[in-house]
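Visitor: Each chain, letter by letter, is given below.
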Amino acid sequence: MSDQRVLLDFEGDRREIAVYEEAGGYATLRKALKSDPAELVATVDTAGLRGRGGAGFPTGRKASFLPKDRKPAYLCINADESEPCTFKDREIMLRNPHALIEGIVIMSYAIGATSAFIYIRGEYRTEFEVLMRAAEQARAKGYVGGSVLGSGYDATLVIHRGAGAYICGEETALLSSLEGERGQPRSKPPFPAVAGLYAAPTLVNNVETIATVPFIVERGGEWYASIGTERSKGTRVFSLAGNVKRPGNYELPLTATLRDLIEGQGGGVVDGHRIKAIIPGGSSTPVLMPDQIDTGLDYESIAAAGSMSGSGAVTVVDDRTCIVQLALRTAEFYKHESCGKCTPCREGTRWGTDILRKIEMGEAGQGELDLLLDVCDRILGKCLCPLGDAMAMPVAAFVSRFRDEFQRHIDEGGCPFVDTSPFSGLYHDHDHAGAHA
Amino acid sequence: MRDPATEQTLEGARQTRPQMPEPLPEPPRDRPLRDRILDVVALYPEPRSAILPALRLAQDEHGWLPDEAFEQVADATGLTPAYCKSVASFYDMFRLEPCGTHEICVCTSLACTLVGAADTLNAFRDELGIGVGETSEDGLFTLRTVECYGGCGWGPVVSVDERYHEPLPASEVAPLVERLRKEGKA
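So the sequence lines, in the order shown, correspond to chains A and B. Counted the way this note's numbering counts, the first sequence spans residues 1 to 437. Counted the way this note's numbering counts, the second sequence spans residues 1 to 186.
A couple of the hints might just be wrong.
Claimed, not checked - Cross-link-like lysine-lysine pairs, in silico, DSS-like; alpha carbons within 25 Å at most:
hint : chain 1 : residue 1 : chain 2 : residue 2
1    : A       : LYS71     : A       : LYS245
2    : A       : LYS34     : A       : LYS188
3    : B       : LYS85     : A       : LYS335
4    : A       : LYS188    : A       : LYS141
5    : A       : LYS188    : A       : LYS245
6    : B       : LYS182    : A       : LYS341
Said to hold, decoys possible - Cβ-to-Cβ under 7 Å is the rule here; a few derived chain A residues that face chain B:
hint : residue
7    : GLY112
8    : ARG350
9    : TRP351
10   : PRO416
11   : ASP419
Unchecked claim - Anything over 10 Å on all C-beta distances counts as not near chain B; from chain A, calculated:
hint : residue
12   : THR126
13   : GLY146
14   : ILE279
15   : ALA303
16   : HIS336
17   : GLY381
18   : GLU412
Quick caveat, the hints were computed from the structure, so don't treat them as lab data. We put the beta carbon where it would ideally sit given N, CA and C, even for glycine.
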């Protein structure tokens with residue numbers, strides 16, 4: 001795979017503004033401030049850039065939904081990276097924070113935002129400090145603040161720390177949280193572009209998406225669109241985790257495959273084991289099988305394989321792991337994070353988790369596997385926000401792809417993989433009774 | 001306990017994890033809490049938006065969020081104490097009960113558990129002699145399990161007083177606890 005990187009095309013970090021400027025940083029902002037805002041949005045649209053948070057919606061199109069004449073208007077950066085197995089925005093903020101800040105000011109100017117906010121998850125304390133320092137440096141140089149570089153355009157930036165709630169990564173929950181409420185999602189429509197933060201027009205974009213904008217404005221939409229596939233343009237920073245030799249974040253063009261990432265970058269599965277399952281886009285995405293490793297990493301190929309590219313987080317699970325335990329731990333996460341606002345998610349994530357626990361413990365009867373699928377079905381597509389589906393989709397896929405393994409738990413009255421599975425220490429450790437509440 | 005395959009993953013993680021900057025010192029508490037809350041209120045178009053940073057300042061002041069803290073946050077933001085408490089209870093990082101000097105949070109989400117987080121957690125229980133959600137009798141340690149911390153390729157991730165240690169395999173738990181005990185006595 002050719003070395004085609006955009007956002008992380010360097011070693012080490014560019015946290016110091018002088019290092020970033022030396023590499024050409026903030027020159028694009030200078031150019032952008034002399035451009036027509038609508039042209040900047042058109043350039044992003046031409047690039048074919050799609051939201052890197054998970055939904056994959058075209059960024060230029062999303063920006064074009066904001067009414068031009070209504071003020072105030074806001075740009076909110078979603079740095080609430082919380083989907084299990086995903087850690088790429090963290091690396092972007094740690095190593096290239098000024099690309100994010102430059103992208104924010106360019107995008108704010110392009111949509112006529114009166115203020116921008118970065119909503120960063122509370123646990124990312126060090127990353128918050130990196131952004132605060134980068135913003136301070138950018139302010140001192142006139143890239144952020146009143147009349148940016150003498151242009152007359154005011155770019156206000158507030159960096160806001162969350163406090164530990166996965167749901168705040170959902171854009172309307174993020175806005176609720178930023179307004180000082182419990183972070184619960186809102187019904188759409190109205191969409192944030194029409195009634196977002198404080199009911200004003202608001203654009204919500206992911207860190208990676210916005211950090212890519214300066215490169216697109218600098219080199220042109222056509223250049224970016226020349227990378228990747230027909231419908232998945234550019235590069236993406238993939239998070240690789242699980243039982244591989246070199247886990248980490250790897251930026252690859254969207255023509256790459258799971259094999260390029262897992263074997264080419266990550267060194268392949270650990271010695272002495274084979275791949276049992278691949279979770280291709282964060283823990284909410286349906287599991288793929290080892291023989292699907294040649295699937296492309298673009299949005300369409302992963303969808304055609306029966307899953308979703310989601311947050312771009314690929315997790316390799318080797319043959320030591322019990323799939324029922326994996327499904328249970330996944331379900332427990334979404335149960336913990338369900339905000340409780342709508343019934344199918346609130347009841348379904350708890351019920352599904354209870355059934356999975358009974359199966360793992362060997363206490364489930366024959367009918368309960370079908371009951372579990374029925375619970376998933378009663379969640380899918382019936383919730384206010386995607387969180388319910390985020391539990392039901394992977395659980396249903398684990399059952400359909402590994403049904404025999406679930407069946408064995410029922411038939412044998414317990415887990416056949418207790419001795420090898422790394423999750424056993426949470427569920428079956430009798431020296432630590434009640435290991436995982 | 002040591003598994004060569006997992007060791008291989010952890011060795012790779014040590015190579016790919018970016019260099020982290022030194023943590024910044026704790027913000028000074030030289031002025032009254034109310035004034036420091038009013039500073040953050042001024043950053044936002046509406047005062048209510050400052051509730052999370054305000055609760056955090058109050059929690060840093062008291063070590064947790066007693067009723068007095070909600071009174072203080074409500075007073076400075078123009079909200080009610082009950083409202084502030086309802087918001088705080090929604091978020092995992094706010095403490096509604098007292099906490100030990102050192103808060104140890106072990107991520108037991110998918111990726112971390114695939115590479116040994118259960119062993120790391122159980123090593124903390126053995127070393128500290130407490131269970132999850134408990135505080136040691138000397139008040140030095142509170143142990144928690146947490147959901148995904150976003151260090152998935154560099155796990156097992158453990159946060160000690162809001163700073164990540166990654167990867168932190170079970171074998172490195174005892175030396176860490178010993179160091180914290182020494183600090184705690186100083």
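Visitor: Looking back at the numbered hints, which does the structure fail to meet, lowest number first?
Guide: Checked against the structure, the hints that fail are numbers 1, 2, 4, 5, 6, 7, 8, 9, 10, 11, 12, 14, 16, while the rest are satisfied.
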